[in-house]
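Listed below, chain by chain, are the residues.
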Amino acid sequence: MSLAQRVLLTWVFTLVFLIMLVVKLDGKVQWNWFLIFLPVWVFDGILIIMLAIKMAGRCKPGYDPRNGSPDLRLRAWYLTAMLLKLGFCLTLCAKLERLADIKLTFVCIPLWTMLLGALIELGLNIFPERREA
Amino acid sequence: MLFSLRELVQWLGFATFELFLHLAAILVFSVLVALRVDVSTLKLSWWLVFVPLFAADGLSTYFTAIVSIRLYQENEKRLAVLRLLWVLTVLSLKLVCEVLLCQKLAEQEQARDLWFGLIVSPLFILLQFLMIRACRVN
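Residue numbers (this note's numbering), protein chains in the order written: chain D, 1 to 133; chain X, 1001 to 1138.
Derived by calculation from the structure, the hints in this document are not laboratory data. For glycine and all other residues, C-beta sits at the position ideal for the given N, C-alpha and C. Please note: incorrect hints may appear among the correct ones.
Unchecked claim - Taking beta-carbon pairs under 7 Å as the criterion, some of the chain D residues facing chain X (in silico): (1) V12; (2) L15; (3) L72; (4) R75; (5) A76; (6) Y78; (7) K103; (8) T105; (9) I120.
What the hints assert, rightly or not - Simulated coverage check for chain D against chain X, where a stretch passes if three residues somewhere in it have a Cβ under 8 Å from a Cβ of chain X: (10) 83-97; (11) 107-116.
Stated by the list, open to error - From the derived model, a few chain X residues whose C-beta atoms are all more than 12 Å from chain D: (12) D1038; (13) F1054; (14) G1058; (15) T1061; (16) Q1073; (17) K1077; (18) L1085; (19) S1092; (20) L1095; (21) E1098; (22) V1137.
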């Protein structure tokens, strides 16, 4: 997928999600919160399928791991981050729909784990020489 | 994930350190929101909850000013002005959205006329700018 296609995909889903969120928050529609988060489910689903296909591609016979693609550890982290984000969105929707009486702190735990992981990953990119040491 | 870090830096126009700063601010902000909602005895004001986001915007502006001055001194005048304009536009749109949201949450009775469509409108404008920039980067 080219950069333009990826940007367009992200842009469209973000725009649709923002519009649906605003319409719901302003009380114009009485839709279910799970329906409001539909663009998030679809976008995350596409990302998880893409990641799974790329990870499965490494298991093919004759695959050369030195072809420059990110290693399996990084792909596994991406997949974990996506699942954590999905977990956060699902529990948030359940809380907003009052399906489960859970504290916001517990809802946010997957989000915090994901953000901490992303911060570590970014930090390692800012100080690459320490990664090699 | 969908974008490499290099692509994100090119598209958003922020340095890796600035992305780190904003991500850290979101983490602290989400912790404060959870505390504000769950611990009613804490009595945190919404303006205090939004402080990490405001601080990240301020630090990012400072960082951008320093980088632009250095670029200007190294005779990269066009790049310096373009970078400064872009980052200031993005940060000011983000700041307007944050301030409006904070006002809505802090003064729910007085800010009844402040509807969410208006609060999120800077983000819609920002999305258009990001799309235009994506075409340029591509």
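Structure-based check of all given hints:
1. Taking 7 Å as the C-beta contact cut-off toward chain X, the hint placing V12(D) at the interface is violated, the least distance being around 10 Å.
2. Given the 7 Å rule on beta carbons, the hint for L15(D) holds: about 6 Å separates it from the nearest Cβ of chain X.
3. Interface hint status for L72(D): violated, as the beta-carbon distance to the closest one in chain X is roughly 15 Å, over 7 Å.
4. For R75(D), the interface hint is violated, the least distance from its beta-carbon to any beta-carbon of chain X being 9 Å, above 7 Å.
5. Against a cut-off of 7 Å between C-beta atoms, the interface hint on A76(D) is violated, since the closest Cβ of chain X lies about 12 Å away.
6. At a threshold of 7 Å, the smallest CB-CB gap from Y78(D) to chain X is about 5 Å, leaving the interface hint in force.
7. With a cut of 7 Å, the hint placing K103(D) at the interface with chain X holds, because the nearest CB-to-CB distance is about 5 Å.
8. At a threshold of 7 Å, the smallest CB-CB gap from T105(D) to chain X is about 5 Å, leaving the interface hint in force.
9. For the restraint placing I120(D) at the interface with chain X, the shortest Cβ-Cβ distance is roughly 10 Å, beyond the 7 Å limit, so the hint is violated.
10. Check on the segment 83-97 of chain D: 0 of its residues sit with their Cβ under 8 Å from a Cβ of chain X, so the three-residue criterion for coverage is violated.
11. Taking a C-beta to C-beta cut-off of 8 Å, the segment 107-116 of chain D contributes 6 residues in contact with chain X, enough for the three needed, and the coverage statement holds.
12. Residue-level check failed: D1038(X) sits 5 Å from the nearest beta carbon of chain D, not beyond 12 Å.
13. Under the 12 Å C-beta cut-off, the non-interface status given to F1054(X) relative to chain D holds; the minimum distance is some 18 Å.
14. The Cβ of G1058(X) lies farther than 12 Å from every Cβ of chain D, with a closest approach of about 19 Å, so its non-interface assignment holds.
15. Chain D leaves T1061(X) outside its interface by the beta-carbon criterion, the shortest separation being 19 Å against a cut-off of 12 Å.
16. Even its closest Cβ contact with chain D, about 23 Å, leaves Q1073(X) beyond 12 Å, as expected for a residue assigned away from the interface.
17. Consistency note on K1077(X): stated as away from chain D, and its beta-carbon is indeed over 12 Å from all of that chain's, at 27 Å minimum.
18. The beta carbon of L1085(X) is kept farther than 12 Å from every beta carbon of chain D, the shortest such distance being approximately 21 Å.
19. For S1092(X), the non-interface assignment is confirmed: its Cβ lies about 19 Å from the closest Cβ of chain D, beyond the 12 Å cut-off.
20. The Cβ of L1095(X) lies farther than 12 Å from every Cβ of chain D, with a closest approach of about 18 Å, so its non-interface assignment holds.
21. The beta carbon of E1098(X) sits about 15 Å from the closest Cβ of chain D, which is more than 12 Å, so the claim that it is off the interface holds.
22. With a closest Cβ-Cβ approach of about 7 Å to chain D, V1137(X) is found to fall inside the 12 Å limit, against its non-interface label.
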